[in-house]
Each structure stands twice: as C-alpha cells, then as structure tokens.
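Quick mapping for you: the protein sequence lines, in order, are chains A and B. In this text, residue positions in the first sequence follow my numbering: the first is 1, and each later residue adds one. In this text, residue positions in the second sequence follow my numbering: the first is 1, and each later residue adds one.
Because the hints were derived from the structure by calculation, they are not lab data. Keep in mind that this is a model prediction, so the values were computed, not measured. A few of these clues could be false.
It does not matter which identical chain is used: a pair holds within one copy or between any two.
[Said to hold, decoys possible] No more than 30 Å apart at the CA atoms, straight line, and that leaves these computed lysine-lysine pairs for DSS-like:
| no. | residue 1 | residue 2 |
| --- | --- | --- |
| 1 | 361 | 331 |
| 2 | 279 | 46 |
| 3 | 143 | 331 |
| 4 | 169 | 361 |
| 5 | 331 | 86 |
| 6 | 143 | 309 |
| 7 | 280 | 309 |
| 8 | 176 | 35 |
| 9 | 164 | 143 |
| 10 | 239 | 159 |
| 11 | 35 | 361 |
| 12 | 86 | 309 |
| 13 | 180 | 277 |
| 14 | 280 | 361 |
| 15 | 184 | 46 |
| 16 | 35 | 265 |
| 17 | 35 | 143 |
| 18 | 94 | 33 |
| 19 | 364 | 86 |
| 20 | 309 | 46 |
Protein chains: 2
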Amino acid sequence: MKQLSYIFLCLLFGSLNPIEADAQVQEEFIWTKIKPTEVNGRLADKDIDGFNRLPLALKSEVREPVWRLSQHSAGLYLLFTTDAEKIRVEYKVKGNKSMPHMPATGVSGVDLYALDGPSEWRWIRGDFRFQDTISYNYSGISKRSSERVYYLYLPLYTKVEWLKIGVPKNNNLEIKRENKTKQKPLVVYGTSIAQGACASRPGMAWTNILSRNLARPIVNLGFSGNGLLEEPILDYFTKYDAEAIILDCMPNFTRDDMGPEQARKRLREAITLIRSKHKKTPMLLVQHGGYSDGALQQDRNQLYTSLNKVVTDVYHEMIENGVQHIYMLTKEEIGLGVDAFVDGTHPNDHGMIQYARAYEKFLKEQQLIE
Amino acid sequence: MKQLSYIFLCLLFGSLNPIEADAQVQEEFIWTKIKPTEVNGRLADKDIDGFNRLPLALKSEVREPVWRLSQHSAGLYLLFTTDAEKIRVEYKVKGNKSMPHMPATGVSGVDLYALDGPSEWRWIRGDFRFQDTISYNYSGISKRSSERVYYLYLPLYTKVEWLKIGVPKNNNLEIKRENKTKQKPLVVYGTSIAQGACASRPGMAWTNILSRNLARPIVNLGFSGNGLLEEPILDYFTKYDAEAIILDCMPNFTRDDMGPEQARKRLREAITLIRSKHKKTPMLLVQHGGYSDGALQQDRNQLYTSLNKVVTDVYHEMIENGVQHIYMLTKEEIGLGVDAFVDGTHPNDHGMIQYARAYEKFLKEQQLIE
Chain A
1 MKQLSYIFLC LLFGSLNPIE ADAQVQEEFI WTKIKPTEVN GRLADKDIDG FNRLPLALKS
61 EVREPVWRLS QHSAGLYLLF TTDAEKIRVE YKVKGNKSMP HMPATGVSGV DLYALDGPSE
121 WRWIRGDFRF QDTISYNYSG ISKRSSERVY YLYLPLYTKV EWLKIGVPKN NNLEIKRENK
181 TKQKPLVVYG TSIAQGACAS RPGMAWTNIL SRNLARPIVN LGFSGNGLLE EPILDYFTKY
241 DAEAIILDCM PNFTRDDMGP EQARKRLREA ITLIRSKHKK TPMLLVQHGG YSDGALQQDR
301 NQLYTSLNKV VTDVYHEMIE NGVQHIYMLT KEEIGLGVDA FVDGTHPNDH GMIQYARAYE
361 KFLKEQQLIE
Chain B
1 MKQLSYIFLC LLFGSLNPIE ADAQVQEEFI WTKIKPTEVN GRLADKDIDG FNRLPLALKS
61 EVREPVWRLS QHSAGLYLLF TTDAEKIRVE YKVKGNKSMP HMPATGVSGV DLYALDGPSE
121 WRWIRGDFRF QDTISYNYSG ISKRSSERVY YLYLPLYTKV EWLKIGVPKN NNLEIKRENK
181 TKQKPLVVYG TSIAQGACAS RPGMAWTNIL SRNLARPIVN LGFSGNGLLE EPILDYFTKY
241 DAEAIILDCM PNFTRDDMGP EQARKRLREA ITLIRSKHKK TPMLLVQHGG YSDGALQQDR
301 NQLYTSLNKV VTDVYHEMIE NGVQHIYMLT KEEIGLGVDA FVDGTHPNDH GMIQYARAYE
361 KFLKEQQLIE
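Modelling step: build the complete structure from the supplied sequences, incorporating the hints.
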C-alpha cells in the first residue's frame with residue numbers, strides 16, 4: 001500500500017499534532033517486547049507459534065487456507081497495566097496492510113481500550129503510522145489514583161511478527177494474563193464476519209464488542225471464507241471448556257463447492273460431534289445474517305434464504321431428537337439493515353454493533369451466560 | 001496502493017463469483033461517458049471544471065487547500081434510469097485511492113442506490129476492482145415493470161477524471177438531472193466529517209444518508225481540515241437559494257492557527273454575512289460533535305468543550321440581537337458514543353448514521369424543512 005505520510009495527514013485533517021510528536025521523540029521510552037505466550041483470547045497455551053490462533057499440532061490437520069488464516073491475530077489481545085500518560089506500540093506484520101474495503105486501521109492496526117470500572121470502557125486515541133514498522137503513539141492519558149488496566153486488540157486480518165510496548169522510563173508497565181480458570185470463554189466458530197471483516201479497527205469486530213459488553217472472554221475462530229464446520233476445528237475447540245459454543249458458519253456455505261446440502265450434512269455432524277464431548281454446553285446455531293442487496297439482487301436473496309431454511313430444519317430436527325441446550329439466532333434477530341454493510345457481504349462498524357447487540361440480547365434473554 | 005487481485009479476494013472471502021464475471025466479459029455493453037454538466041449535488045452549473053464542487057471563478061478566491069479539496073467529488077451524484085439487470089461503472093481518479101483509516105471503497109469508490117418507492121432505498125452490490133481504471137460491476141438486478149431510478153454517489157476523497165456507465169446493448173440508459181427549481185437544497189458548510197471521512201463508502205457520508213432519509217438534495221461543502229467559515233465560500237453559497245444553511249465547521253477550529261477566539265469572530269461574521277443575503281433562511285449552528293477519547297485524554301476534551309462554549313455564546317448573542325430563524329444543534333443531540341469513531345476524530349459508519357439521525361430529528365422537530 002502506498003502510504004500517506006504523517007505530514008500529509010496533518011495537512012489533510014489538521015487534527016494531528018506534529019509538534020507534540022516531535023517532543024515525544026526526545027523522551028526516553030522503555031520498551032517491553034511481548035512474548036507470544038502473553039497473548040489472551042485463545043484456547044491452547046502451548047505449542048503455539050507467535051501470535052497465531054491455532055496450535056502447531058493442527059497445521060497438518062487443517063486445510064492450507066485455514067492454517068494461513070489462523071495466523072491472523074483476530075480476537076487476540078494483550079492485557080497490561082501502566083501509570084503512564086504516554087504509551088507506544090510498535091510492531092511488524094506480514095501480509096497486506098489493508099484491503100480495498102477495509103482500512104489499514106482494521107486489517108493491520110491495533111486498538112487500545114481501558115477499563116475504568118466494571119463496564120466503563122474507554123477508547124484511547126493513538127496517532128498511527130503504517131510504515132514497514134507500524135507504530136501507534138498514545139498520549140495525554142489522564143492520571144488515576146490506581147494503575148489502569150488496558151486491553152490492546154491485535155490486528156484482524158494480518159499476521160503479527162513481533163510487537164513491543166513502550167512507556168516513559170519513569171513509568172511502570174506490567175503485562176498481565178487473563179485468569180483462565182476464573183471464567184470460561186464463549187467460543188465462536190465462524191467466517192470472515194466473525195474474523196472481523198470489515199471493521200474499521202480491531203475493537204469493532206463484533207466478537208470484541210460483545211466481549212467488552214459482556215465483560216467475558218471470547219475465542220475467535222473465524223476463518224475468512226473458510227468457516228466450514230470442519231472436523232479438525234471442531235475436534236480442537238471441543239477439547240476445552242466453554243460457556244457456550246456459537247456456530248456462525250452459514251455465510252461460507254454460499255461457496256460454489258458447498259451449498260445447502262453440504263451445510264445440512266455438516267451442521268448435523270458438527271452438533272453430534274460437539275454433543276459427544278460437551279453434554280450440556282449451550283450450543284447456538286446462527287442463521288446467515290443476510291445481504292444488504294437481497295431486495296433487488298434476488299439470486300443473493302436465494303443464497304441466504306435456502307441456507308437459513310437448513311439451519312431452521314436442523315434446529316427443529318435436533319430438538320425432536322431430544323438434543324438439549326440447543327438454540328437458534330435468526331436473521332431477523334440479527335436485524336441487519338440496508339446500510340449495515342460495506343460491500344453487501346461484510347458488515348461495516350454499524351453492522352458489527354448490530355451483530356454484537358443481537359448476540360448480547362439473545363444470550364441474556366435465554367440466560368445462556370451466567 | 002498495492003492492490004489485492006480479484007482472484008485473491010475470491011479466495012479470501014469465497015463470496016465473489018469469478019465465473020459469472022467471466023461470462024459478463026462476453027456480453028456487449030454500450031458505454032455512456034458522463035458529461036460533467038450531468039452531475040447533481042452542486043450549486044453552480046456553469047464555469048465548473050469536471051467533477052469539481054466549486055466553479056473556476058473561485059480558484060483565485062479560496063486558499064489552495066480549499067481549491068484542492070473542492071476537486072474531491074464528495075456529495076456529488078449521478079442520476080439515471082435503466083431497465084438493465086447489469087450495470088457497469090468505470091472511471092479514473094487522481095490522488096490516493098485509500099487512506100490508512102478509510103478504505104478505497106470510501107475514498108475513491110462509487111456507491112449505487114435505487115429508489116423503488118417514496119422512501120424505499122435499495123443498495124446495490126457491485127464487484128469492485130481498484131486498478132488504474134476503477135470498475136464496479138453490478139449484476140443480477142431484478143426487473144421491474146417500470147425503469148428504475150438510480151443514484152450513483154461519487155468518491156468522497158478523490159478527484160474523478162472521467163466516468164462512464166455501461167449497460168448491455170439491449171437495455172436503455174438515460175442520464176437524468178435533478179430538477180433544481182423543484183426543491184431548494186440544504187447547504188452544508190463543514191469539515192472532513194461533512195466531506196465524508198471516514199465513511200466506508202460514499203453513500204455512508206452523513207450528508208448522503210440525510211439526503212436519502214429526507215428525500216431532498218444536500219450540497220456538500222465539506223473541506224477536510226479547511227472548513228474555516230471563510231468569506232469566499234460564504235459569498236459563494238449565499239448567492240443561491242437554500243432550504244436551510246448548516247454551519248458545521250467547529251472541528252477545524254482545533255487547528256493550532258485557529259482556536260476559540262477565531263471561531264467566535266468568524267462565526268459572528270459568517271452569521272452576519274449570511275443574514276445580509278438570506279433574510280429568513282433557517283441557519284443551523286452545529287457544535288463540535290466531540291471525540292471518543294475525551295473521557296481519558298482531557299486535552300482533547302478541552303478542545304471541543306471550549307469551542308462548544310463559543311457556539312453557545314454566539315447563538316444566544318444572536319438571539320438577543322434579534323436574529324431570527326437561527327438554531328443550534330448540540331454535541332449532546334448529536335450523541336456520538338465511544339464506538340462512533342475510527343480514529344477518535346472521524347466517525348465510522350456507525351457515527352455517520354448517528355450524525356444523520358441527529359440532523360433529521362432536529363430538522364423535523366424544529367420544522368426547518370417542509
């Protein structure tokens with residue numbers, strides 16, 4: 001991607017402050033290189049290479065695109081505490097930094113939030129530079145009596161090679177890890193939408209919004225174009241405890257090599273496999289959320305309508321067969337409107353908020369989470 | 001910008017259809033090159049070069065950045081009718097096709113809507129290719145008994161050099177122009193936010209959303225970083241009739257060379273100038289919408305708080321001085337939340353919808369539009 005220079009951005013928007021940035025350069029920062037084992041948001045803790053989402057043991061088990069996409073850090077995040085008023089993040093990624101319908105801030109950017117109270121999420125503005133090394137400079141963060149807890153969401157659509165966090169030399173920085181024994185995660189197996197396309201920044205992926213709104217961990221197993229209810233992935237995540245398991249794979253069954261009958265077969269098999277290992281974990285089948293062009297482009301309407309019939313059929317079939325703790329979130333409940341998408345297939349930030357709200361409402365109303 | 005190939009996008013998302021695209025190549029399309037005089041969404045009809053927003057006579061009157069930004073086609077749109085099930089758009093732009101925090105689809109993309117009833121807006125999905133010539137292919141559009149009216153929004157942050165629309169040779173295409181005598185436009189003088197940063201596609205700029213929701217024309221005079229209540233721009237648009245005049249320039253007075261006192265002086269002068277030419281046209285002063293980082297980054301909070309005091313002061317001062325038909329839209333009424341921005345300064349699509357809704361509610365409640 002041809003990069004706009006910082007100066008050009010300053011001229012264009014008149015809202016950045018090059019003078020302050022220059023002053024910062026003079027200050028001495030202490031840098032902490034993040035160990036991949038310090039990452040949160042994934043199930044396996046061992047046998048993982050870097051900021052990948054799947055363990056190395058799965059490399060020979062999954063198809064090549066799934067492995068490649070598992071190297072994207074969607075849903076992963078760092079936790080740290082600091083008393084610093086300035087925080088810097090520098091890192092390097094492998095892969096395209098942006099896509100035509102998703103900006104660099106979403107594809108390869110990071111996103112910083114602080115938690116100031118039980119549900120008081122604060123977003124922190126950073127000046128970003130997308131060069132060979134990507135940098136985010138956060139400044140002017142107000143002091144608090146106690147050190148603040150920060151969540152740094154990692155890029156949604158690219159592989160992070162290394163990452164370091166810097167604070168001024170007189171401040172503390174402590175990398176934390178989420179207490180996994182304290183709370184079981186929601187596990188989401190899905191598509192590009194679940195992976196985070198096309199959020200404008202990582203914090204706007206619906207899984208990350210939902211995680212904040214519910215104040216609980218979510219594991220993102222969204223694989224763009226490749227959320228196909230496959231056995232190696234099902235085998236993998238069913239080894240772990242979960243608060244609930246969410247199967248949101250329908251949008252990928254529109255592929256020419258898939259279709260409604262493959263969806264029916266695989267959905268049945270996935271439910272059976274999951275139930276064989278998770279006797280009581282709530283399992284949520286999610287319909288295709290629809291396309292914003294369905295009203296006029298009717299072949300697109302047919303794609304999701306036929307798949308959603310499959311989800312409804314399988315859901316009722318399972319209930320009749322005595323499967324318990326199984327639920328269905330419908331297209332209508334997701335409720336995406338004509339302006340919820342960027343390209344007709346992938347939600348924009350407005351659609352991402354709608355997805356997260358629909359999940360939150362459903363999970364709470366059905367009492368699927370404690 | 002390094003471009004992702006179409007094939008790569010197909011692999012990545014599994015949602016495009018290369019076979020259909022190949023089949024389309026075989027079909028004969030008739031192309032209509034758009035004359036710049038066929039564009040809608042601007043005040044002047046003559047003395048305009050290409051798809052610019054300001055007439056050539058203003059080139060020597062405005063500062064260079066304003067003239068450069070006026071060449072961006074924000075808020076401009078083409079109207080056409082066709083019975084085609086396939087529509088293609090090809091065009092060339094000058095300038096960066098994307099920005100780090102705004103995707104190519106927003107910066108240099110086009111956006112197609114149809115109007116199926118008084119307020120039944122349909123969005124049309126297109127396959128896009130951002131190459132030297134940018135192309136959007138729309139297909140599978142359902143037939144209707146009468147020809148459909150289409151709105152094609154032009155790019156928000158780049159200059160269009162030429163543009164052509166193609167339909168299959170057996171279909172009709174008629175370029176229309178909006179009937180300017182039928183309805184006066186809302187005129188919006190503003191900043192990068194008004195220009196459309198950082199909507200994911202042109203139709204999501206708040207002026208374009210509002211224009212659809214109110215079913216009336218809006219003239220976009222948003223100049224990124226340069227919405228500074230300047231005389232040449234005020235002189236220009238006050239020559240024309242308007243349903244209402246909206247001054248939404250405060251976010252640019254955060255510039256180091258501006259600040260609250262410049263804002264106060266210029267706001268007073270602008271109101272006086274406008275009232276000297278428009279005795280009764282409703283005039284809406286808009287507060288700074290705030291930043292999503294205001295809670296923790298307090299220097300940023302101070303920026304908009306001090307500017308919003310200026311707007312409030314000037315508003316009350318004008319009322320006391322007997323100025324009539326003057327209104328104020330507050331930060332609270334705009335109501336942007338922590339997740340309404342991409343970079344803390346520019347709304348994402350969620351923020352754009354919030355902006356448009358706030359304006360719509362205010363304009364209707366205050367009965368400022370017929």
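Hints, one by one, checked against the model:
1. 361 <-> 331: Intra 14 Å, inter 28 Å, cutoff 30 Å: intra and inter.
2. 279 <-> 46: within (26 Å within a copy, 73 Å between copies)
3. 143 <-> 331: between (44 Å within a copy, 25 Å between copies)
4. 169 <-> 361: Neither way: residue 169 and residue 361 sit 44 Å apart in one copy and 50 Å across, limit 30 Å.
5. 331 <-> 86: So residue 331 and residue 86 pass the 30 Å test across copies only (27 Å; inside, 43 Å).
6. 143 <-> 309: between (54 Å within a copy, 25 Å between copies)
7. 280 <-> 309: within (25 Å within a copy, 57 Å between copies)
8. 176 <-> 35: Within one copy only: 11 Å inside, 60 Å across.
9. 164 <-> 143: Within. Shortest intra-copy distance 22 Å satisfies the 30 Å Cα cut-off; inter-copy 56 Å does not.
10. 239 <-> 159: So residue 239 and residue 159 pass the 30 Å test inside one copy only (25 Å; across, 54 Å).
11. 35 <-> 361: neither (36 Å within a copy, 50 Å between copies)
12. 86 <-> 309: between (52 Å within a copy, 29 Å between copies)
13. 180 <-> 277: This pair counts as within: shortest intra-copy Cα distance 20 Å, inter-copy 67 Å.
14. 280 <-> 361: within (21 Å within a copy, 47 Å between copies)
15. 184 <-> 46: within (18 Å within a copy, 66 Å between copies)
16. 35 <-> 265: Cα proximity of residue 35 and residue 265: none, with 41 Å in one copy and 54 Å across.
17. 35 <-> 143: within (27 Å within a copy, 57 Å between copies)
18. 94 <-> 33: within (18 Å within a copy, 41 Å between copies)
19. 364 <-> 86: The answer is neither: 37 Å in one copy and 44 Å across copies each exceed 30 Å.
20. 309 <-> 46: neither (40 Å within a copy, 55 Å between copies)
In the structure shown, a violation is registered for the earlier hints numbered 4, 11, 16, 19 and 20, in ascending order.
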